[in-house]
Each structure stands twice: as C-alpha cells, then as structure tokens.
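Knowing the structure of chain A, use the given hints to seat chain B on it.
Respectively, the protein sequence lines represent chains A and B. In terms of the numbering used here, the first sequence has 267 at position 267, counting the first letter as 1, and numbering is strictly consecutive. In terms of the numbering used here, the second sequence has 234 at position 234, counting the first letter as 1, and numbering is strictly consecutive.
It is possible that some hints are incorrect.
Since the list gives no way to pick one copy over another, a pair counts as held whenever it fits inside one copy or between any two copies.
Stated by the list, open to error - Calculated lysine-lysine pairs in the PhoX-like style (CA-CA distance at most 25 Å, straight line):
| # | residue 1 | residue 2 |
| --- | --- | --- |
| 1 | Lys-149 | Lys-220 |
| 2 | Lys-232 | Lys-242 |
| 3 | Lys-175 | Lys-225 |
| 4 | Lys-149 | Lys-225 |
| 5 | Lys-220 | Lys-175 |
Calculated from the structure, these hints are not laboratory results.
2 protein chains.
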Amino acid sequence: MIETRLLNILNFQTAVASKAARCVLAAGGRALVEFGLRRAQAGEAGLWAARASYLAGFDATSVTLAAPLFGIPVSGTMAHSFIQAHGSEAAAFEAFARGNPAGSILLLDTYDVERAAEEVARLAPRLAAQGVAVRGVRLDSGDMAAQAKRVRLILDAAGLERVKIFASGNLDEEKVRGLLAAGAPIDGFGVGTRLTTSADAPYFDCAYKLQEYEGKPRRKRSEGKATWPGRKQVWRREEEGKLSGDVVALETESAAGYPLLAPAMKGGRRLAQPTLAQSRARARAQLALLPEPLRLLEPAAPYQVAISEGIRALADRLDAERQAGARR
Amino acid sequence: MIETRLLNILNFQTAVASKAARCVLAAGGRALVEFGLRRAQAGEAGLWAARASYLAGFDATSVTLAAPLFGIPVSGTMAHSFIQAHGSEAAAFEAFARGNPAGSILLLDTYDVERAAEEVARLAPRLAAQGVAVRGVRLDSGDMAAQAKRVRLILDAAGLERVKIFASGNLDEEKVRGLLAAGAPIDGFGVGTRLTTSADAPYFDCAYKLQEYEGKPRRKRSEGKATWPGRKQVWRREEEGKLSGDVVALETESAAGYPLLAPAMKGGRRLAQPTLAQSRARARAQLALLPEPLRLLEPAAPYQVAISEGIRALADRLDAERQAGARR
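If we strip away everything but chain A, and leave its shape as in the complex, we get (with noise of 0.2 Å):
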C-alpha cells in the first residue's frame, strides 16, 4: 500500500507538472494561473495539482487550501452567477469591485463582451477616484483573441492602459499558444480543466519493480515489459549549457556527467528534502536546460537515453541462469 500511496502522487504529480511546464512554454512569461479545482478527480487531486503547477513555475492557484498548506499564492475569480443575481452587470461589477478595493478582476462575457468593457470603461475611472482599483478583465467564451482586441482598444480609450486583460475557459498549452500566435494582447491566463486532469495524458505509467533482492539482482521478463536489472545510477551530459543525454548505468560502473540518483530515505528516515521554492527553483533552471526540439510543443525526436554495457551484460547473464535453471 506504501508503494501504491507513492506511486499515485508521484504519478499525478508529474503528469500535471509537465503539462505546466508546457503551459510556462506556451506563455512566454505572461501570468499562469491554476484554475481546475472544480474539475479535479476528487479535492485531493485539486490539491496537489495546485502544488504541481505551482512548482512547475504557475504564478498562483484558485485553491485556497494551498495557501495554508503549501504557502502558494491564491488568486481568485468571480462567478457568472454572481453577475447573474444582480439586477444588472454593472450593479454586479461594482459590487464586486467595492468588495475587492485592493484590485478585482471583472469577468466580461455574461451577456456581452463589448458592453461589458464598455461598462468597466464607465466604472473604473469613477471606482479609482474612491480608492477602488479594478486590476483587471477577464475573458472565459468564444473568439478570445479578437475580443481581447477590441476589450483592449476600450479600455486603452478610457486611459485604462494598465487594467490587465485574462483570459480563461477550456485552455491548454495549445490554446495559449494559438492565441499568443494571434496576437492577442492578454496578460495572463487561468488553465483549468484539462492541466489539472492532465487531460491528454491522465496517468504516468510508472511502476515499483524489483531490482535487488537480498543482494541479488533480479529481472522480470514479462513479454513487452521487460525490466533492467541490478542497482541503478543515471549520468546526465551536457553540452552548451543544453541537456545531450543520459545513460543508465550500473551502480558500480561510471559514466560522462553527473550523476542524478540520490537516497532519500535511509534507515527508514527521510533525508534531506528540498522545501518547495527549491522544487520551483530548480524547475525553472531545469526547463532552460531542455534543448531546444524539447521546448516546442510538438512532438521531438526523444531524449537520448542509453543503457550500459553492465547492464546488459548482467541482464543477459540473469537470463542465461534462468534458463540453465529450467533445463535442471
């Protein structure tokens, strides 16, 4: 059950974060926020995709247990039905403004996108002079690249320049670039749904198997699943400042480049652990080292991976024994 424990966080957790680290890519440094809590598998889940994307290098979640629990900063929105239940938007939109006074995000596309900028255009200027800042805008329906155009051209008239446009509703890596690539001029984007179900890539498939067992190394031979046997160390390369390839060696065998593999836990105690700024950090610096068919989003030759001459010495000799054992 241990095994199982680990394996589904970590499973999940790198699923979410790599899709992240997409989004990061796709975003150019404009603000990334975690926004899928709703459609997570069971709160659980919503937690630790929070944690996930936040380490992966989001800017903040809509989950606000993360804040106490992980210290991620939380950013939140306001609800269609909350628009809905006043008597008009722009009730709602003061309403909500005057509740957030250190700087509210408007969402726009209830009834009308236009009108709705036409009405912040209205209401902000009045708002500032009372000492209400309206941060922002938020765009969440349909064609959002050419409304992010003309949402922008109607607050620019109403000298609103620095009131930020986001953008949210169904995206992903692919959604933020394509929009990006259309000019768009959003500042920052809520990923929701498909990032934190890691929608097209839901599991990691990742599993425990035995390598060493009182000693001795061990192999499992099952048909297409096949494992490496004996313990392990990994030697990473690189060249130019850029990662060129690893190689999984033996324990006792050595390699060109560092090595990655380091114990975590010892005599049943957890070692060191890197707190989760480390995590980010290293994330980010992490991301800059990929080369460069890596960072698009489109499917690259993979990473080079090889595996050592000791371990397919030792696998070959695992296997001879095995046969030998079966003739006896």
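Frame of chain A; chain B shown alone:
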C-alpha cells in the same frame, strides 16, 4: 467552495461510472475488478473510482479501504515483486498459496507464462490435497488471447478445469471486447489505470449555472456557452422497454413520460438518500433500458433530448428584455 467540492466529486464519479458501465457491457457477465489505485489522480480519487465502478456493476476493487468505507468486496492481487523476491517461481507460488489457503490467484507472466502454468499444474493438485486452494491464475502482459488459450489447455490437462483465468494490464472496455472477440477463455478482468483515471474522457464537462434568483429566471449568454433559463423538470419516455427520449421543460410545463428530477435537499437538510446497493441496482436496471445503439462501444447517434417550447419562449423574452434594457 461547496459548489466546487460537489462538482469535482460528481464530475469524476460520473466519468468513472460511465467508463465502468462500458466495461460491464463489454465483459458480457464475466467478473470485473477495479485495479487502478496506483495510477489514480491521488489517493482520494482511487477511493471514489472504486465506489463509482462498483455502482456501475463491477464486482470488486483492489482498494482495501473501500471495504470498511463503502462495503465493497475487495479482491487482492499478487505482485511481480513477490515472485522476484523468491529464489524460484515455484517457491513463490507455493508460499503465496499457503498464505491465502481459501483461494489464491497466481500471477503467470513474471518470466514465462507457459512454464508458470506448468508450475501451477504441478503445484495445485498437491496443495489441494492439503486443503490449500488455487482459485485462479492471472495474465498481465503480451498477447493474452493466445496465452489464455494455451494456459487453459495446460490447466485442463492437469484436471484443473475449475481454476479460472484472469487478465489485467492496461485493459479498458475496448481491450476486454477484443480479447473476448478473439475467443480468449478468460473468466474475469482486472481493469485499472484507464478506468480509474477515465483516461479517454478524464473529466465530465458539467458546471453549476444560475437559472433563477429571487424568483426571477436568469440566463447566461456567453458566446457558445449560453444556458436555458428557469426552474426545470426533465421528462423521460420509454418505448418497448427502452429509453426513447427526454424533454427538458419548465417546472410548470408537463410532457409525455415520467419526471426525472426530485428534491435532494430541503431547508439545508438532505432528504432520503439511496444506499450504494440501491444505486447499483438502479444502474443495472438503467443499463438494461439503454437502446441497442447506445449499448455498443462505438459512437452512436445521440440520445434525443428536446428543449420545450416554454423554455424557448422564456429565453426569447429574457433576451428581448436585456436588449430593451441596453437601449434605455
């Protein structure tokens, strides 16, 4: 937050129950066990997936906590690592069987499926004489249709006709159907990762939208995401023992068939709630009502759902009022 919490559990259980129901349709009465905890999107999702798949007709789960929490039968598995940790497969089989004398399921594919089946053929009669039952064997990799046929022959030749063959390993409803279509003599399936993460449909795109407030109907008009306003009832028709269509109507209208919506809470209190056994019986009955095209795994013409005249008229009236308001 209550909205979000209800939504993510509702969305996720709907997704998993739907996929589980497809497995039930594909398996044609054979045993189905939910197997996916290690790939679940964190631990809580594994629990809800166990519940949702049982509700939809699965027979058991490998999540041990589902027994005390939900009363779901638990079915354990033997791990490859258990076999690898022993000096020989025969020793591992015997140790595992003696540890589970009421009926073990032995895993055949760690090294060589046929050789392992021959091992079982030697072992099972000897253990049976000592009151230790081998209930079945499990395949987990490779061409399991071909393997199952060979293993069945080996077991039957040893008089082990009652030892069942189970299969697992990246299964889903399509693979279950494929194995049975290939004539594989498989008695039951462990369905894991792809069920537990609802891999091809990892979220159900359902949201809470305000339909009425302070006694007045409300309508969201977002581009491509408009909602139908007002309090509703859904009327369902049956023809010749099969579902034949639904009508979504205002609460004040009526239509042919029987109503589907009933109050679940009143005055902040939950009303009568079905037990899991009742929900499971209902799911079984509802699956039997599905028209034939919807029982196939292939995409079919969508089920007929009509919007009533009353709803359309109300939406038109609200749109006209909003236009008039905007012109004032």
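Now for the hints, and whether the structure bears them out:
Proximity of Lys-149 and Lys-220 under a CA criterion of 25 Å is satisfied inter-copy only: 23 Å between copies versus 58 Å inside one chain copy. Taking the closest pair of Cα atoms, Lys-232 and Lys-242 come within 25 Å of each other only inside a single copy of the chain (24 Å); across copies the shortest separation is 59 Å, beyond that limit. For the homomeric pair Lys-175 and Lys-225, the shortest alpha-carbon distance between copies (18 Å) is at most 25 Å, but the shortest distance inside one copy (35 Å) is not. Within a single copy, Lys-149 and Lys-225 get their C-alpha atoms only as close as 52 Å, which misses the 25 Å cut-off; across copies the closest is 21 Å, which meets it.
In this homomeric assembly, Lys-220 and Lys-175 come within 25 Å of each other (Cα to Cα) only across copies, at 24 Å, whereas the closest approach inside a single copy is 42 Å.
Taken one by one, the earlier hints all hold for this structure without exception.
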